[in-house]
Amino acid sequence: MSPNLRIAFRFLTAKKRAMLMSLSCTVLGVGLFIVTQATTSGFEDFFIKTILGTDGAMRIQDQIQDTLRSMNAGGGSDFLVSHREGVKYIEGVEEPKAVVNALKEFANVSGTSAVLRGNVLVRSSFKNESAQVFGINLDEHLKVSDLNHQIIQGDLATFREAPTGALVGKVLADRLQLGVGNSFLLDVQGQLLRFRVSAIYETGVADIDKARVYVHMNEARSLLKKPIGVTFIQVNLFDKNRAPQDASQMQEVLRHSASPWQEREKAWLSAFRALSVSSAITVSVFTLIAGLAMFNTLAMIVLEKTKDIAILRSMGYERRDITQIFLWQAGIVLAIGALVGALVGVVGTFAVSQIPLPINGIFKTETFQVSWNGWHYVEAVLTAAIMVMAASIIPARRAARLEPGDIVRGTAQ
Amino acid sequence: MAETQDFALRCTNLHRYLGQGEGRVHVLKGVSFEARRGQVYAIVGPSGCGKSTLLYLLGLLDQPDEGGIAINGQLMSNSDDAARTAARGAHIGFVFQFHFLMLEFTALENVMMPMRKLAKLTPEAMADRAHSLLDSVGLGDKTHRLGTQLSGGEQQRVAVARALANEPTIILADEPTGNLDVKNSSMVFDLLTRLAKDHGQAVVLVTHNPDIANRCDSVLPMRDGVFI
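Those protein sequences? They're chains F and C, same order as listed.
Once you know that position 30 of the first sequence is 30 in my numbering, the rest is easy, because the numbers rise by one and skip nothing.
For any residue, its number in my numbering is found by taking its place in the second sequence, counting from 1, and adding 413.
Only chain C is shown next, with the shape it has when bound in the complex (with noise of 0.2 Å):
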């Protein structure tokens, strides 16, 4: 019992075909994963090898073909959607590789987004959790710039503070670093991690850069639809 509350996230067997008729293609097949709290894994692998696929899979945005998803113990792959939205926004927080900030919003509004919808805190909690992450995240003096006012570098550091927001047990990031210079590069992994550490949450992200994977507790290669 006490080894499965350990796993925040687990997976047997999935399969996912994606598009139609001929061009019908087996992208996962049976893809077997486990992610312990407080551990951080990367999937690597060539492009098309089906990396994203799986985070998406595990982040409930898409449903696969065949297998299972659990959340915490709770198997999540056949709810409905709204129960899987539901799972969303209490416990896995996104990151992607184009930052994906709402960039008419100001970086505290991007922070503060997700805890809205959760409501489980006063506004003025939201905002001062908001500030925090902001400042873990070293932009605690950009708080009320907009998302076009940031830097590539700068946004991607708001998308790591908004996965956190809710708390989530599972960090999903793809690529976090695929767009970033060296310096960069560095500052966001280190941040996801050592957030993360902290708060005892599970890492799963999705990498091209050797060096960043090589810092992770667990490397996960994938070709072809399965791990090897």
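Chain F extracted, bound-state conformation (with noise of 0.2 Å):
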């Protein structure tokens, strides 16, 4: 241990409340940053879970007609007309074979589901509703979604063997009184078609659950009358982050619009960012507190220790040993505050997910979600070594000012 670590802990141990003060600010501050940033990043997690498993990670949908954005004026001359710019699409995707086989080139593409959607209208014995009717690919569309988790009430078997089988949301079935068996007609525009409810679903995201109803593509077909073509190709991605980057070249490539699920959902997204962001800077007062504490402590001890300063001047210790041993004090409370902080941290965040939290709407859950991410450690770590330190530079540097010969003449400020 060198002199200085050594002294620096022998004066921070004398002072054992104020001491104790500094450290438990710390360890509060540290605790609870990582607690509300695992809160808050947890119920985000599970957001983007909840919305990838529904409705992917990519939507390739709508054809892009480039508009004329210029036209050569005529008669020889290279005058340019400019007109508007801009882009038209085309609502949705003519060839979409065509389509998905570009899409698997794309390396980050782990599956891709062609969709075909219609907006109906659900009779069954008790009531109607309008809903929108899915056409998919049951296996296309289980390599994009989590809809296998997802069933509650009968299962996929009975729907894949089904050509007239549907998977209806918990809420539409509630509504319309559907059991797994009934059967209930698809009306569009009077076309009406008999289904049968193979399975009920649940997502947690109301306006899916409320509204969506999944059946064979071919049935979807017929009952939209549209034998070519879909609505959309739902695509599932390796690394789900690097979808935007992804969705830039696919539009490219493709001269489809592709949209990312970060744009798609870009509301709830800022909406969780501002919350994680306004946790962060509340409960960074804590950290501020132990600043102010560890100052507070330090400063009362440079009072104290002036003889020791002295003393230990005069014993051939420089002004930087002095302002070391200052800061070592703040470093020894810092590193065990961090620590202890830590595993307040970890048994917080524990304790908190096992909180009974029944949450359903835009998504579903029954206790208080958290996310494990050792970045929130280091970012609170970090914050309150900032705070703690910065606070320790003024005393440090004060008791390194101080002159030994004043200090044993009795005339040190």
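Be a bit skeptical, because a hint or two may be false.
[What the hints assert, rightly or not] Using 30 Å as the maximum straight-line C-alpha spacing, the simulated DSS-like pairs for lysine-lysine come out as follows: (1) F:K307 x C:K533; (2) F:K104 x F:K143; (3) C:K610 x C:K533; (4) C:K596 x F:K307; (5) F:K15 x C:K442; (6) F:K307 x C:K555; (7) C:K610 x F:K307; (8) F:K16 x C:K533; (9) C:K442 x F:K307.
[Stated by the list, open to error] Just a few of them, taken from the derived set where beta-carbon distance is under 8 Å, the chain F residues facing chain C: (10) D308; (11) R313; (12) G316.
The hints are simulated quantities; they were obtained by calculation from the structure and are not laboratory data.
Please read all numbers here as calculations on a predicted model, not as lab measurements.
The beta-carbon is built from N, C-alpha and C at its ideal position, and this holds for glycine as well.
These two chains come separately, so use the hints to put the complex back together.
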């Protein structure tokens, strides 16, 4: 152990109460920072998992048709007449096979599913409800969604084997009082087709569970009278975070609009981000208090240890040694505070994850969602380090500036 | 040359002002002084005559407004803080009036403190030397007592051992016996002079005690900032 560290440790342990105060604030600051970040990120991560499991990482839809941006004035001149810039879209994907084949060339694509969508009226023996029918190829769709984990009644095997089978959202099924095995009619502008409930799913996203009915693609084509083309292609990616870059490239290559999940859910993601930042700022107040407590402790030690500082200086300890001794004290409190605070963060995060909290609407959960992310610990410790060390510099420098001659003469300020 | 090497400490024409503005006082008015190795010097005089101020200047704890101080032949008065600090660590040992032990540390740790900074010895050698010094001041059985667990006389004896830790050429003592009873005063003075003479160190002490002063090799009476 270096002489300066040894002295710092002894100075600190001589002021146990003040040191414990600084330590508690640091522990609290680090611990609470971790817990709040774990919970806000937990809900954000869970939301992302839900949207990726329902609408996938990306959607390829609507073909792009370039508008005329400029035209030659004619008459052999070089004069160009400019038009308003922009792109026009032709609704849907006319040639899904060609687009899917092109998508398979992208290394990050892990699955694709062509979907035909249309508005319908669902008629049950109880009542009618407006909804959207999604024509899918089940095996393809399972590669781009968590549909297999979202089934709460019935099973997918029944749906796979039944040409007129349907997967109905829980909210819609409840409203129409439909159970597995019940039949219902889908009505598109007077055209009626009968289907049977093969399974009921629940994503936890209210807008989906109350409106979507999944049927086989052929039945959807027949119902919606669309023998060719699809509404969109749902794409799954190996690296979901690369979706915006991939979307941009796909749009260039495929000439179809590509919307990554980050853009699709921008509003919710921004709300989560704002919540995370605001909670981090709020909790940082604790680390600010830790910094102030450290400042107070060190300022007190400087006042009480002026004679010791004079002795050290008379023995050959340099000004930088004195600075180091006081910064070591802050460092010791910070190290212990960070370690204990991280443990408090782990225990606190686990405890919070056990709290019952039924949420349904934007996702479905029964307990608090937490995220176990190492970066939260790094951020918490860094915040505490900045606050505590910044607060320690002033008393440390003040201690180093003391003149030993003034101290022994009793005139030190 | 040989004569120069005999002098551990030499100061010439030292001037020092303390305070500011109208309260500024001319404390030292051109003091010159030399201290030989193996000699004990007593600076005596009434309170406020500048004894302690001179001692702190000689110990490089303070800087003169005018004049020069040479330690072992090297002019130090105009050196920067780092050089003066290094010289204090290597060449000067202090004994202050009010013990000035670091009370959270044991007697052994207090004595090892200057050695740890100088870092010339191994930790084992430092501990051996500290034990030996504490033995020589009669505290061999109290090496692991905290400063708070020692009496005033014992604390001052530890301070003497600490002042000798790095084998300095100069020992400066500011009323080392001022806070002790007669028995302890005599014991501390004897220790200081015996150990210093054994190792050829120059001892300069400030004292109000005429008995102590009379037992020194030289007595330097001081009044109004000058030797008389």
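Verification of the supplied hints:
Under the criterion of a C-alpha separation no larger than 30 Å, the hint pairing K307 (chain F) with K533 (chain C) is consistent with the structure, at around 26 Å. With a C-alpha separation of about 13 Å, the suggested pairing of K104 (chain F) with K143 (chain F) holds against the 30 Å cut-off. Proposed proximity of K610 (chain C) and K533 (chain C) is supported: the alpha carbons are some 23 Å apart, at most 30 Å. Under the criterion of a C-alpha separation no larger than 30 Å, the hint pairing K596 (chain C) with K307 (chain F) is consistent with the structure, at around 27 Å.
Restraint check for K15 (chain F) and K442 (chain C): not satisfied, since their Cα atoms lie roughly 44 Å apart, outside the 30 Å limit. At most 30 Å may separate the alpha-carbon atoms for a hinted pair to count; K307 (chain F) and K555 (chain C) meet this at roughly 23 Å. Only pairs whose Cα atoms come within 30 Å are accepted, and K610 (chain C) paired with K307 (chain F) is accepted, the gap being roughly 29 Å. Restraint check for K16 (chain F) and K533 (chain C): not satisfied, since their Cα atoms lie roughly 34 Å apart, outside the 30 Å limit.
Taking the CA atoms of K442 (chain C) and K307 (chain F), the gap is about 28 Å. The hint holds against a cut of 30 Å. A hinted interface residue such as D308 (chain F) counts as satisfied when its beta carbon comes closer than 8 Å to some beta carbon of chain C; here the least separation is about 5 Å, so the hint holds. Hint status for R313 (chain F): holds, given a least beta-carbon distance of 7 Å to chain C, under 8 Å. For G316 (chain F), the interface hint holds, since its Cβ comes within 8 Å of a Cβ in chain C; the closest pair sits about 2 Å apart.
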